[in-house]
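Protein chains: 2
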Amino acid sequence: MFCERTSEGLIHETSYWRVVLAFEQSYLGRCLVVLKRHCGDLAELRPEEWSDFAELVKKLESALRKAFGATMFNWTCLMNNAYQHDPPNPHVHWHFRPRYDHEVKFAGVVFRDPGFGHHYDRMRVQRVSEDVKRKIIEEIKQNLD
Amino acid sequence: MFCERTSEGLIHETSYWRVVLAFEQSYLGRCLVVLKRHCGDLAELRPEEWSDFAELVKKLESALRKAFGATMFNWTCLMNNAYQHDPPNPHVHWHFRPRYDHEVKFAGVVFRDPGFGHHYDRMRVQRVSEDVKRKIIEEIKQNLD
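Here the protein sequences line up with chains A and B, keeping their order. When you line the first sequence up against our numbering, it's residues 1044 to 1188, in that order. When you line the second sequence up against our numbering, it's residues 1044 to 1188, in that order.
Among the clues, some could well be false.
As the list claims (entries may be wrong) - Computed cross-link-like contacts, BS3-like style, restricted to lysine-lysine with a CA-CA straight-line distance of at most 25 Å:
hint : chain 1 : residue 1 : chain 2 : residue 2
1    : B       : Lys-1079  : A       : Lys-1101
2    : B       : Lys-1184  : B       : Lys-1102
3    : B       : Lys-1079  : B       : Lys-1148
4    : A       : Lys-1079  : B       : Lys-1148
5    : B       : Lys-1109  : B       : Lys-1184
6    : B       : Lys-1101  : A       : Lys-1101
7    : A       : Lys-1148  : A       : Lys-1079
8    : B       : Lys-1101  : B       : Lys-1176
9    : B       : Lys-1079  : A       : Lys-1102
10   : A       : Lys-1148  : A       : Lys-1176
11   : A       : Lys-1148  : A       : Lys-1178
12   : B       : Lys-1109  : B       : Lys-1176
13   : B       : Lys-1102  : A       : Lys-1079
14   : B       : Lys-1079  : B       : Lys-1101
15   : B       : Lys-1148  : B       : Lys-1178
Claimed, not checked - Residues from chain A that face chain B, not an exhaustive set, calculated with beta carbons under 8 Å:
hint : residue
16   : Leu-1088
17   : Ser-1094
18   : Asn-1117
19   : Asn-1124
20   : Ile-1180
What the hints assert, rightly or not - Sample of chain A residues with no beta-carbon within 12 Å of chain B, all distances over it, derived:
hint : residue
21   : Thr-1057
22   : Val-1077
23   : Gly-1112
24   : Val-1153
25   : Ser-1172
26   : Glu-1173
27   : Lys-1176
28   : Glu-1182
29   : Lys-1184
In short, the hints are calculated from the structure, not lab data. Here a beta-carbon is modelled for each residue, glycine too, at the ideal position from N, C-alpha and C.
So that you can see chain A by itself, here it is in the shape it has in the complex (with noise of 0.2 Å):
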C-alpha cells in the first residue's frame, strides 16, 4: 500500500503529502503525490489536506518548469486498480505527468512528448536507469522553492 511504501524515489513532503518518481518517465518529472493518511477516496480529503495539496501544485508545477521546461500539466486521481482486490482498498493519490512541447535532453537521455496536445499515452514507457532517476529527483529538489 502506498501510505506503506518506504522513501524510496521520494522528492518532498508536506505535512500531508509525499511527492515520489514515477517508476516510469515517459513524462520526464511524471511523479505520483500521494497522501501520508491512508483515506481512500477525494471526497473524505479535509480541508487542511486539500489546502496542502493546492501549495503543492503550485510548488511542483513551478518546479518542473524550471527544471525542465515544462510546458503544461495533467493532474488524474483514479485509484482504479485497488478495486481489482476484494475487498479494494483505495489510498488517495495523484498522478502528475509534465507535458512538453518540445524534446528535452538531461542526464545524457532524450525524452520526448510525440502526443504533446493529446491524451496522454499510457503505451508509451521509458524506463530509465537508477542514476538518471536519482538525477532527475535532484533537478527537481533543487528547483523546488
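Place chain B on chain A using the hints.
Okay, now just chain B, sitting in the frame of chain A:
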C-alpha cells in the same frame, strides 16, 4: 471557450464552479466541472476556489452514489486540447467519470463499465438521446444535497 458556454446540460452551480453533463455517457453520469472564472492553470486557482471544489467533490460523489449506485470515481484535469491552438488558451476544468462494478439500467438504456478496475477507455463512446440526457441530469439534481 468553456467560460463562454451557455448553461447547456447544466446540473449544478456553486460560487466558483459549474457542473455540466458530458456529451457522451460511456460512464453514466460523466460530467465536466468547469471553473466559472477564466483561468488556465490549476496552480493559479484561488484558495476559495479550491475549498469550493472540495465541497463539490463530496456533493457530486454522494449524488452519483445515490442516483445510480456508482462504485468509485475518476477525476482528471488535463487541458491538452487547448495546446493544439497557437496561442493556447486553456480553461481549468475537471473530467468526472463515475465508475461502476455493475450494469445499470436507467431510462430504458443499459450502461456498462466493462473495464471497471482499470483506466477509463476513451475509445468507448455512448451517445444518448436528449431525452435520456435530461433524465440523467434530473436524477443527479434530485440527489444533490
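Hints, verified against the model:
Pair hint B/Lys-1079 plus A/Lys-1101 holds up; C-alpha atoms about 20 Å apart against a cutoff of 25 Å. Restraint check for B/Lys-1184 and B/Lys-1102: the C-alpha separation of about 11 Å stays at or below 25 Å, so the hint holds. Proposed proximity of B/Lys-1079 and B/Lys-1148 is contradicted: the alpha carbons are some 33 Å apart, above 25 Å. Of the pairs offered as hints, the one joining A/Lys-1079 and B/Lys-1148 is violated, with about 38 Å between alpha carbons and a cut-off of 25 Å exceeded.
Taken as a hint, the B/Lys-1109 and B/Lys-1184 pair is honoured in the structure, with Cα atoms around 11 Å apart against an allowance of 25 Å. Using a Cα cut-off of 25 Å, the hinted pair B/Lys-1101 and A/Lys-1101 holds, with the two alpha carbons roughly 23 Å apart. A distance of roughly 33 Å separates the Cα atoms of A/Lys-1148 and A/Lys-1079; the hinted pair therefore is violated under the 25 Å criterion. Proximity of B/Lys-1101 to B/Lys-1176 is assessed by CA-CA distance (about 23 Å); at most 25 Å being required, the pair is judged to hold.
Of the pairs offered as hints, the one joining B/Lys-1079 and A/Lys-1102 holds, with about 24 Å between alpha carbons and a cut-off of 25 Å not exceeded. With a C-alpha separation of about 14 Å, the suggested pairing of A/Lys-1148 with A/Lys-1176 holds against the 25 Å cut-off. Between the alpha carbons of A/Lys-1148 and A/Lys-1178 the distance comes to roughly 12 Å, so the proposed pair stays at or under 25 Å and holds. For the proposed pair B/Lys-1109 and B/Lys-1176, the alpha carbon gap of about 17 Å is at most 25 Å, so the pair holds.
Simply put, B/Lys-1102 and A/Lys-1079 have alpha-carbon atoms about 24 Å apart, close enough for the 25 Å limit, and the pair holds. At most 25 Å may separate the alpha-carbon atoms for a hinted pair to count; B/Lys-1079 and B/Lys-1101 meet this at roughly 19 Å. Restraint check for B/Lys-1148 and B/Lys-1178: the C-alpha separation of about 12 Å stays at or below 25 Å, so the hint holds. For A/Leu-1088, the shortest C-beta to C-beta distance to chain B is roughly 7 Å, which falls under 8 Å, so the interface hint holds.
With a least beta-carbon distance of about 6 Å to chain B, the hint placing A/Ser-1094 at the interface is held under the 8 Å criterion. Interface restraint check for A/Asn-1117: the shortest CB-CB distance to chain B comes to about 5 Å, inside 8 Å, so the restraint holds. The closest approach between the C-beta of A/Asn-1124 and any C-beta of chain B is roughly 7 Å, which is under the 8 Å cut-off, so the hint is satisfied. Nearest Cβ of chain B to the Cβ of A/Ile-1180: about 21 Å, over the 8 Å cut. The hint is violated.
The claim that A/Thr-1057 is not at the interface with chain B holds, since no C-beta of that chain comes within 12 Å of its own (minimum 15 Å). At the 12 Å boundary, the C-beta of A/Val-1077 stays outside the reach of chain B, the nearest C-beta of that chain being 16 Å off. Every beta carbon of chain B lies more than 12 Å from that of A/Gly-1112, the smallest distance being close to 14 Å; the non-interface claim holds. Residue-level check passed: A/Val-1153 sits 21 Å from the nearest beta carbon of chain B, beyond 12 Å.
Non-interface call for A/Ser-1172 relative to chain B: holds, since the shortest CB-CB distance, roughly 27 Å, exceeds 12 Å. The claim that A/Glu-1173 lies off the interface holds: its Cβ sits roughly 27 Å from the closest Cβ of chain B, which is beyond the 12 Å cut-off. Look at A/Lys-1176: its CB is around 24 Å from the nearest CB on chain B, clear of 12 Å, so calling it non-interface holds up. Residue placement check: A/Glu-1182 keeps its beta carbon more than 12 Å from all beta carbons of chain B (closest about 19 Å).
With a closest Cβ-Cβ approach of about 19 Å to chain B, A/Lys-1184 is found to remain outside the 12 Å limit, as its non-interface label requires.
In summary, the numbered hints that this structure violates are 3, 4, 7, 20.
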